[in-house]
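**Student:** Read off the chains here:
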Amino acid sequence: GENVEQHPSTLSVQEGDSAVIKCTYSDSASNYFPWYKQELGKGPQLIIDIRSNVGEKKDQRIAVTLNKTAKHFSLHITETQPEDSAVYFCAASSAGTGGYNKLIFGAGTRLAVHP
Amino acid sequence: DTGVSQNPRHKITKRGQNVTFRCDPISEHNRLYWYRQTLGQGPEFLTYFQNEAQLEKSRLLSDRFSAERPKGSFSTLEIQRTEQGDSAMYLCASSFETTNEKLFFGSGTQLSVL
Numbered sequence: 078g079e080n081v082e083q084h085p086s087t088l089s090v091q092e093g094d095s096a097v098i099k100c101t102y103s104d105s106a107s108n109y110f111p112w113y114k115q116e117l118g119k120g121p122q123l124i125i126d127i128r129s130n131v132g133e134k135k136d137q138r139i140a141v142t143l144n145k146t147a148k149h150f151s152l153h154i155t156e157t158q159p160e161d162s163a164v165y166f167c168a169a170s171s172a173g174t175g176g177y178n179k180l181i182f183g184a185g186t187r188l189a190v191h192p
Numbered sequence: 263d264t265g266v267s268q269n270p271r272h273k274i275t276k277r278g279q280n281v282t283f284r285c286d287p288i289s290e291h292n293r294l295y296w297y298r299q300t301l302g303q304g305p306e307f308l309t310y311f312q313n314e315a316q317l318e319k320s321r322l323l324s325d326r327f328s329a330e331r332p333k334g335s336f337s338t339l340e341i342q343r344t345e346q347g348d349s350a351m352y353l354c355a356s357s358f359e360t361t362n363e364k365l366f367f368g369s370g371t372q373l374s375v376l
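Top to bottom, those sequences are chains A and B.
In our numbering, each residue's number is its place in the first sequence (first place is 1) plus 77.
In our numbering, each residue's number is its place in the second sequence (first place is 1) plus 262.
To be clear, the hints were calculated from the coordinates, so they are not data collected in a lab.
Just so you know, nobody snuck in bad clues.
If you want a taste of the chain A side facing chain B, the calculated C-beta under 7 Å gives, among others:
1) K119
2) G120
3) P121
4) L123
5) F166
6) Y177
7) N178
8) K179
9) F182
10) G183
11) A184
12) G185
The calculated lysine-lysine pairs, modelled on DSSO-like cross-linking and capped at a C-alpha distance of 27 Å, are:
13) B:K273 with A:K114
14) A:K135 with B:K364
15) A:K179 with B:K364
16) B:K276 with A:K119
17) A:K99 with A:K148
18) B:K273 with B:K319
19) B:K319 with A:K119
20) A:K179 with A:K134
21) B:K319 with A:K179
22) B:K319 with B:K333
23) A:K145 with B:K364
24) B:K364 with A:K148
25) A:K135 with A:K99
Short derived list, chain B residues pointing at chain A, Cβ under 8 Å:
26) R293
27) G304
28) P305
29) F307
30) Y310
31) L353
32) E363
33) K364
34) L365
35) F366
36) F367
37) G368
38) S369
39) G370
Keep in mind that this is a model prediction, so the values were computed, not measured.
Just so you know, even glycine gets a beta-carbon here, dropped at the ideal spot from N, CA and C.
Could you put together the complete structure from these sequences and hints?
**Tutor:** As structure tokens, this is what we get:
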């Protein structure tokens, strides 16, 4: 069945360092790959997404890369700040009845940025 | 636009009781999704509505779970005869049907079954 694996499960970095989170997906038909940030007691917040016709996308300190051949995609955060500390989830779409985006999520990465 | 709203934020109930959660999507969004999230895991898809039609419900966890979206606006998720294993965060998300569809989540309802 559809599956998304996410690594690492925890990541600790010093403020100003870069952080990289990697995901692999199983459904070769997946064509949409969003990343969400979840803070304690809140719902997931969309921070960046990429579609299968693009290999890389950047938004300020955040970038996402996609390798469709290898079914890998990654989140890169540069110049990390303490407020980046949260749980990050990757997801891959799987087509559902009616063409909607059924997102399959990874298990999450808990990022801690230390001052 | 105040985002996706979910009520209540927290619900504590005794095993065997019925509970109902409400989701108000972003006003112009015609698609609505329910997900469940257990501790340390990513959200797990449950069901999906396009306007008032429930087009996917095979992932609802058992026949004790049901969802409605009667007028294509707000939605409710009901769990009958709750069990301790139902304890989780129930998340609602909404989106607008376009080629650049993006899902926006609410803050969820945290259910604790005692």
